[in-house]
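*Asks:* In order, the protein sequences belong to chains A and B.
Our numbering runs 22 ahead of the 1-based position in the first sequence.
Our numbering runs 1310 ahead of the 1-based position in the second sequence.
Don't take each hint at face value.
Unchecked claim - Under the rule of at most 25 angstroms between Cα atoms (straight-line distance), these lysine to any residue pairs were calculated in the SDA-like manner:
{"no.": "1", "chain 1": "B", "residue 1": "Lys-1334", "chain 2": "A", "residue 2": "Leu-336"}
{"no.": "2", "chain 1": "A", "residue 1": "Lys-453", "chain 2": "A", "residue 2": "Ser-283"}
{"no.": "3", "chain 1": "B", "residue 1": "Lys-1445", "chain 2": "A", "residue 2": "Gln-311"}
{"no.": "4", "chain 1": "A", "residue 1": "Lys-500", "chain 2": "A", "residue 2": "Leu-394"}
{"no.": "5", "chain 1": "B", "residue 1": "Lys-1432", "chain 2": "A", "residue 2": "Thr-310"}
What the hints assert, rightly or not - Listing some non-contacts, in silico: residues in chain A with all C-beta distances to chain B over 12 angstroms:
{"no.": "6", "residue": "Ser-198"}
{"no.": "7", "residue": "Asp-205"}
{"no.": "8", "residue": "Phe-214"}
Rather than coming from a laboratory, the hints here were simulated on the basis of the structure.
Cβ coordinates follow ideal geometry from the N, Cα and C atoms, glycine included.
These are the residues of each chain, in order.
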Amino acid sequence: MIKNTLFKNVINDIDIGYWELYDNTSNWSAAFIKKLGYNPDDVEIKLDYFLNDLIHPDQRDAFRDNFFNLVRHYLDFKQEISIKCKNGEYKEFICITNDNLPVNVHGDSKVIFFNEKKYITNKKVKKDNFYYQESAEMTSTGSWYVDFKKQKSYWDDQTKKILEYPEDYTPSLKDSSQYYAEDHQQLAADCFFKCAMAGNPFDTEIKMLTSKGREFWAKAIGKAVYNDDNEIIGIRGVFQDIDEEKSKAITLQKTSDIIASQNSRLFNFAHIVSHNLRSHSSNLSLITQLIDDVNSIEEKLELITSIKDISESLNSTISHLNEVVTIQTQTDQNRVEVCLEMTMATVKKSISRIIRESNATINVDFSQVKCLPYIPAYMESIVLNLLTNAIKYKHPERDPVISIKTYIKDKKTYLEVSDNGIGIDMDKFGKKLFGMYKTFHYNKDAVGIGLFITKNQIESLGGQIFVESEVNKGTTFKIQF
Amino acid sequence: MKTSTVELACIIDDDSVYVNLVKKIIETKKLCENLLVFSDGKQSIEYFEAILQNLEAEQIPEIIFLDLNMPVMDGWEFLERFTKIKNKLDKAITLYVVSSSINPLDINRAKSLSSVEDYLIKPVNISELESIFTKTA
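Next up, chain A with everything else stripped away, as it sits in the complex (with noise of 0.2 angstroms):
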């Protein structure tokens, strides 16, 4: 017997036919007989019955010579030949003696393998079909089919690995929404419609969902498979998992998001200093203009003067300035858990004044979200803005009303502030709103500033800010953190 076991397996695995020699007789394995077709019990395991019925008259001398060669010489060969099988046909083999083979065998007898020429093309399925696993494998890509006829789906291992499920489950097609993440059932169901009905192939990102409840992304791709009379009897496609590349790419996004807002705020930024600061100096330069024009010592002292109110409009407006450049450079890190009735107690206190004198009611309500992570001064700095904005502009024939509550939404938290003022006209005013020394009322109070900085604030840390008003009626902020 071949003594290397490693390779007796590996030679019994892939079926390959051989003679082993002993000094008079010889053992054919069964998968020699095999191969050509016979039962064991058909054959005479004789070298004459060999040449005179099986072997191909033309080669049988060669055949001779070699074995004769090999048993008493110890002369390895390697040759071509055919053998007819039990139907009558030519099978081709190679005939290897041991050291042509390319592993080292270390028997004590002597072999001839009869390796088949079929083997050859076997050989390359394998390999083709190890290229394929390994393809699939290595690009998390899985196959799968759906037969409508049988009404069943198939899946490669592949895909029920992607989808966490064991290799011996079976895939069910009536359920088939189960590997849907649930707000993406839809889209599976539109796209295999789709295809099943009109053939409408697709190819497209879809969240999945594992047999562990993992949710993922994956690309689907499928399409219709027809049958000679032009039916769709089919769908074939792949799974690939691109959860790494969707999360990366959406992190991307974020990143892209964040920095096109960083620099429209910069933009902004820029602007807002090439405007307001250019309004100073250029008054600073029509005065200078003046003083060097006019005649009378008093004429230029008293335009010296109104030098100290440039200087100090100036001052103000740098000192805003500031006020958006700290926002600027705030970052997420500086948030802390922010109570709001902390926040509010706070701010209540700081305009204490104008809420007594403007007998104004604020109503609270913070019981659906009483905390939340943000920058303490920038919550204080918001809800100070929006209440005392509300006073500010109250209707002149009633005392105001606030109200001031928080509520989730789409998993996201919000804090709207509603007063009963004197609005705003947004068709007319609703884009400037939130620009910095913009101010739409007759107020001795406004600024233009408020509103401007609460909107940086928010944005400034991924939050949104949104007005309703209705001129006589009211103004409604919410704030989406």
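Given the coordinates of chain A, work out where chain B should sit on it, guided by the hints.
*Replies:* Same frame as chain A, but now just chain B:
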């Protein structure tokens, strides 16, 4: 010695420092007899619309200096409404946009309007102002 030939000029601007300085220049240089000042577009357009009801030519300015960035009603909205009534006012009015905005979009937009004579970038200089008054007179 200059003789003021412009009867009435009008400044529409919310920057009181600027307005005072221009006032001072006009007084010093005696560029016009009277000066109307409005701090935003709304007040001024209401003035012009009221004139339309009872036409009195002496209340209509020959020159308007209009700022763009103003609270309540900005220069653009003023221009929109002013263009509609301009021809009904029985007097030639020369309008200059005077703004600190150096944004080309603003400049081109203003210059493309038929009712706008020219776009002046702040700071205006004294001689420029003088020549405008002389030209209009």
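*Asks:* Can the restraint linking Lys-500 (chain A) and Leu-394 (chain A) be considered satisfied, given a maximum Cα separation of 25 angstroms?
*Replies:* holds (16 angstroms)
*Asks:* Regarding the pair Lys-453 (chain A) and Ser-283 (chain A), is the alpha-carbon distance no greater than 25 angstroms?
*Replies:* Distance ~17 angstroms between Lys-453 (chain A) and Ser-283 (chain A) Cα, so the pair holds.
*Asks:* Given the proposed pairing of Lys-1445 (chain B) with Gln-311 (chain A), does the C-alpha separation stay at or below 25 angstroms?
*Replies:* At roughly 21 angstroms apart (the allowed maximum being 25 angstroms), Gln-311 (chain A) and Lys-1445 (chain B) satisfy the hint.
*Asks:* Looking at Phe-214 (chain A) again, its CB stays over 12 angstroms from all of chain B?
*Replies:* It holds; Phe-214 (chain A) is separated from chain B by about 51 angstroms at its closest Cβ, greater than 12 angstroms.
*Asks:* Next pair to validate is Lys-1334 (chain B) with Leu-336 (chain A); report whether the Cα-Cα distance is within 25 angstroms.
*Replies:* holds (21 angstroms)
*Asks:* For Ser-198 (chain A), which was marked as not at the interface, is the minimum beta-carbon distance to chain B over 12 angstroms?
*Replies:* Label holds. Min Cβ-Cβ 55 angstroms, cutoff 12 angstroms.
*Asks:* Just double-check Asp-205 (chain A) for me: nearest Cβ-Cβ distance to chain B has to come out over 12 angstroms.
*Replies:* Check passes; 42 angstroms lies beyond 12 angstroms.
*Asks:* What's the verdict on Lys-1432 (chain B) and Thr-310 (chain A), does the C-alpha distance respect the 25 angstroms limit or exceed it?
*Replies:* holds (14 angstroms)
Violated hints for the displayed structure: none, as all numbered hints are satisfied.
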